[in-house]
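End of the sequence shown = 375 in this note's numbering, gap-free, step of one.
Keep in mind that the hints were calculated from the coordinates and are not lab data.
Among these hints, one or two may not hold up.
To be verified - With a Cα cut of at most 20 Å, we get these calculated PhoX-like pairs of lysine-lysine:
hint, residue 1, residue 2
1, K228, K217
2, K70, K130
3, K9, K36
4, K9, K43
5, K217, K369
6, K345, K369
7, K293, K228
8, K9, K228
Said to hold, decoys possible - Listed next, with one range per pair, are the computed distances between beta-carbon atoms:
hint, residue 1, residue 2, range
9, A224, G97, 42 to 50 Å
10, P62, P298, 49 to 57 Å
11, R159, G69, 38 to 46 Å
12, A216, N107, 42 to 50 Å
13, I332, V213, 32 to 40 Å
14, D329, G249, 43 to 51 Å
15, A311, G15, 17 to 25 Å
For clarity, every value in this text was computed on a predicted model and none was experimentally measured.
Even for Gly, the Cβ is constructed at its ideal location relative to N, Cα and C.
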Amino acid sequence: MSDPSSNQKISVGLGERAYDIHVGAGLLARAAELLKPLLSESKSRGPVPVVTDAHVADIHLPPLLDLLGKAGIDARPIVMAPGEVTKSFAGLERLSGALLDMRIDRNGLVIALGGGVMGDLTGFAAGVLKRGVAFAQIPTTLLSQVDSSVGGKTAINARQGKNLIGLFHQPRIVIADTTLLATLPRRELLSGYAEVAKYGALGDANFFEWLEVNGAKALAGDEAAMIKAVAHSCQMKADIVARDERETGDRALLNLGHTFGHALEAATGFSDRLVHGEGVAIGMALAFRLSVKLGLCPGQDAERFTRHLKAVGLPAAIPDIAGPRPDADELIGHMAHDKKVTDGKLTFILLNGLGQAFVTRDVPLAAVKSVLTES
Numbered sequence: 001m002s003d004p005s006s007n008q009k010i011s012v013g014l015g016e017r018a019y020d021i022h023v024g025a026g027l028l029a030r031a032a033e034l035l036k037p038l039l040s041e042s043k044s045r046g047p048v049p050v051v052t053d054a055h056v057a058d059i060h061l062p063p064l065l066d067l068l069g070k071a072g073i074d075a076r077p078i079v080m081a082p083g084e085v086t087k088s089f090a091g092l093e094r095l096s097g098a099l100l101d102m103r104i105d106r107n108g109l110v111i112a113l114g115g116g117v118m119g120d121l122t123g124f125a126a127g128v129l130k131r132g133v134a135f136a137q138i139p140t141t142l143l144s145q146v147d148s149s150v151g152g153k154t155a156i157n158a159r160q161g162k163n164l165i166g167l168f169h170q171p172r173i174v175i176a177d178t179t180l181l182a183t184l185p186r187r188e189l190l191s192g193y194a195e196v197a198k199y200g201a202l203g204d205a206n207f208f209e210w211l212e213v214n215g216a217k218a219l220a221g222d223e224a225a226m227i228k229a230v231a232h233s234c235q236m237k238a239d240i241v242a243r244d245e246r247e248t249g250d251r252a253l254l255n256l257g258h259t260f261g262h263a264l265e266a267a268t269g270f271s272d273r274l275v276h277g278e279g280v281a282i283g284m285a286l287a288f289r290l291s292v293k294l295g296l297c298p299g300q301d302a303e304r305f306t307r308h309l310k311a312v313g314l315p316a317a318i319p320d321i322a323g324p325r326p327d328a329d330e331l332i333g334h335m336a337h338d339k340k341v342t343d344g345k346l347t348f349i350l351l352n353g354l355g356q357a358f359v360t361r362d363v364p365l366a367a368v369k370s371v372l373t374e375s
């Protein structure tokens with residue numbers, strides 16, 4: 001049985017846009033209790049759309065609709081196709097149309113139930129609908145609980161790359177029920193864990209040390225360990241977002257591994273050959289190797305980080321990707337389309353050591369190509 005006393009509430013301090021992240025076991029059962037104050041504030045009398053995908057709908061949608069209905073909330077589902085293909089102009093058009101057909105008013109609330117795709121798409125649709133409608137995040141994957149549900153980045157993908165069309169639209173609340181993670185396939189759970197490891201790598205060596213001891217336990221179902229892993233990750237992200245909501249400074253550190261990772265995802269066709277967290281894991285290992293090559297980071301720190309990825313079952317090098325090896329020049333070409341390119345220069349998050357990440361645009365492309373070729 002879950003222990004409510006282990007549940008945690010983290011505040012994202014953004015003034016009038018501040019909100020709470022609730023992390024713990026069994027929180028879905030408290031969704032109506034947590035959402036009702038938001039509905040009372042808005043004074044909206046319309047329906048409350050619950051946007052999810054077909055996979056999540058089969059597992060988590062019925063109990064949520066039942067709970068909300070019993071609380072007098074007129075929750076109505078919108079079920080989208082699963083996968084990155086839905087995070088597109090076509091997906092946005094379909095979702096926006098469904099929300100308008102429900103006659104959502106500007107004081108309404110839209111609930112995103114699912115992983116990062118549903119959260120990103122729903123947040124973007126809510127952000128542009130009638131110039132801005134409130135939304136709530138109920139993330140169902142580890143990746144979305146520790147990363148995409150927090151911070152207000154919403155987007156869809158374009159032919160040229162991931163998340164290139166979007167806006168900042170903060171949620172009103174995040175409800176991260178760690179018991180929902182028990183339904184995830186192992187590969188998807190590991191994909192999310194890459195983002196957990198990222199927080200230790202970028203700014204908290206003590207947390208990374210804790211993960212070396214407890215990360216495998218969390219992945220194996222240790223409830224207390226998972227709650228701590230998720231809550232600490234969310235606290236770190238909340239602190240960074242509160243300092244730099246629009247990514248003009250510190251927030252860019254959260255992109256550790258993503259410049260490489262997004263390029264690898266693009267080169268593999270955003271397919272099952274490489275899911276997002278796997279791309280980030282390899283990308284972080286590449287960032288460590290590039291940092292070592294440039295004389296910035298001790299080799300033993302890079303080896304220690306890579307060793308932990310491998311120990312939990314994550315890929316840590318380009319040859320770990322199934323199928324033909326992506327070409328180094330092709331990867332650099334994909335990086336050129338990255339939304340973090342500034343004045344024609346690629347932005348990299350590099351490291352002086354574990355827990356010591358920094359942002360730079362002063363990286364020789366020859367060194368990048370060398371790392372991509374050798375790894």
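Going through the numbered hints above, which ones does this structure break? Give me the numbers in ascending order. Hints 2, 4, 5, 7, 14 and 15 are the ones this structure does not satisfy, whereas the remaining hints hold.
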